[in-house]
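Could you put together the complete structure from these sequences and hints?
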Amino acid sequence: MSQPVSPQSGALVLWLTAVPRALPGFAATFVGIGMGRFSLTPLAPLLVAEHWLTAQAAAQAAALMLAGYAVGALSAAPLARLFGTDRCLWLALLVTVAALVGAAVFPDETGQAAFRAVTGTTGGILMVLGPSAILRATAAAARPAVSAVIYAGIGLGIALSGIVIPTVADAVSASWLIAGAALLGALPGFRRAPPQPVLSQIATGQGGRWAGLKMPLPVLLLTLAYGLDAIGYIPHTVYWSSYIARELGLGVGSGGSQWVLFGAGAVLGAPVAGVVAARIGFRRAVPLALLLKATVVGLPLISDAAGVLAVSSILVGLLVPGVVALMSGRLAGVTEPHRLTGQWALMTGIFALFQAVGGVLHAQLFTLTGSYRPMFLVAALALVVASAVAALPAGRRPETV
36 MSQPVSPQSG
46 ALVLWLTAVP
56 RALPGFAATF
66 VGIGMGRFSL
76 TPLAPLLVAE
86 HWLTAQAAAQ
96 AAALMLAGYA
106 VGALSAAPLA
116 RLFGTDRCLW
126 LALLVTVAAL
136 VGAAVFPDET
146 GQAAFRAVTG
156 TTGGILMVLG
166 PSAILRATAA
176 AARPAVSAVI
186 YAGIGLGIAL
196 SGIVIPTVAD
206 AVSASWLIAG
216 AALLGALPGF
226 RRAPPQPVLS
236 QIATGQGGRW
246 AGLKMPLPVL
256 LLTLAYGLDA
266 IGYIPHTVYW
276 SSYIARELGL
286 GVGSGGSQWV
296 LFGAGAVLGA
306 PVAGVVAARI
316 GFRRAVPLAL
326 LLKATVVGLP
336 LISDAAGVLA
346 VSSILVGLLV
356 PGVVALMSGR
366 LAGVTEPHRL
376 TGQWALMTGI
386 FALFQAVGGV
396 LHAQLFTLTG
406 SYRPMFLVAA
416 LALVVASAVA
426 ALPAGRRPET
436 V
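Numbering-wise (the numbering used here), the sequence shown opens with residue 36 and increments by one.
Derived from the structure by calculation, the hints contain no laboratory data.
Heads up, a few of these hints could be off.
As the list claims (entries may be wrong) - Label pairs and their computed distance ranges (CB to CB): (1) Leu326 x Gly286: 28 to 38 Å; (2) Thr202 x Ile337: 28 to 38 Å; (3) Ala174 x Asp143: 46 to 56 Å; (4) Ile315 x Trp211: 42 to 52 Å.
On a predicted model such as this, the values are computed, not experimentally measured, just so you know.
Even glycine gets a Cβ: it sits at the ideal position worked out from N, Cα and C.
In structure tokens form, the structure reads like this:
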């Protein structure tokens with residue numbers, strides 16, 4: 036007679052089986068976001084210091100990248116309907132790697148602007164199609180583990196860029212390392228996603244051409260919370276190193292060290308989010324994570340002690356991919372599988388639009404005050420509101436976890 040399987044053994048089996056299932060999604064987030072998006076944050080100071088870019092040109096390249104991200108996110112579902120999810124994912128992976136190679140070959144202002152706009156666009160496509168293709172074919176009980184593996188790609192990319200780039204002698208060598216890491220990270224993505232509904236039926240069945248974009252109240256509230264999260268995470272992901280080095284006068288080395296801590300936290304973000312969601316469910320985990328994020332984003336307003344800055348770096352780093360994983364898993368629990376790609380695309384696009392507006396808002400605050408500190412206050416308040424919105428009762432589906 037066979038022995039009963041313990042809950043601990045069952046959980047271990049669930050996490051182990053999640054790894055191969057989630058690898059295409061992991062490749063998408065690692066290449067599109069970890070390398071394509073976040074590698075620019077530690078690389079830009081090197082490019083400016085070596086006179087490849089001016090500070091203004093670096094900001095312009097970042098702005099074009101964020102604008103491309105919005106375009107890619109909103110065009111992902113239509114492209115998948117036309118060409119198929121797998122083909123779009125594979126092409127986006129290849130184009131991202133090629134663009135990062137181009138940025139290494141042409142590190143000047145024109146090259147950075149053009150190739151970062153491309154990586155932003157392909158990053159938006161990868162962020163939408165990679166996770167949704169996996170999660171809509173995943174049972175509710177397995178979503179925390181699968182989400183953790185998928186979004187670990189973001190954290191690993193942040194960690195690699197934060198740890199490796201500051202140790203490289205020059206910006207061009209660092210750029211080639213980024214491209215090489217992206218190529219290796221893309222390899223697990225060249226396999227088929229799990230079986231899923233036909234995308235042409237997703238677009239035209241059950242409610243007409245735009246059925247995938249209809250937003251019931253739970254999805255609408257989640258989307259609003261996700262947009263506010265975009266405003267809340269900007270200070271740490273764009274200005275954190277500069278705040279520490281310049282406003283606090285601690286120097287470039289200290290700013291780089293804090294980004295390394297941010298990256299270390301980011302590696303843990305998706306796995307920790309998966310464990311928490313498995314224990315308390317996505318519905319409770321999302322508002323709690325946003326409230327914790329508000330607290331640690333606001334820590335610089337309380338103290339600039341080294342220990343406080345380190346806690347803020349690690350926990351915000353952890354919560355950047357962690358919140359994304361929780362949002363994606365929560366959406367999969369409150370929407371029908373045939374609408375998941377369209378609604379995740381819309382959520383990601385709205386996140387990108389809020390991010391662009393938030394970027395302008397934060398930049399204006401700095402211009403008016405000459406200080407980064409007001410940014411942390413606005414960001415923390417946005418995250419508090421996001422937590423409250425995500426916690427609003429809006430009905431549930433039986434499979435929601």
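Tested hints:
1. Leu326 x Gly286: 28 to 38 Å: 33 Å, holds
2. Thr202 x Ile337: 28 to 38 Å: Because 32 Å falls inside the window, the suggested range holds.
3. Ala174 x Asp143: 46 to 56 Å: 49 Å, holds
4. Ile315 x Trp211: 42 to 52 Å: 43 Å, holds
The structure fails none of the hints (numbered hints given earlier).
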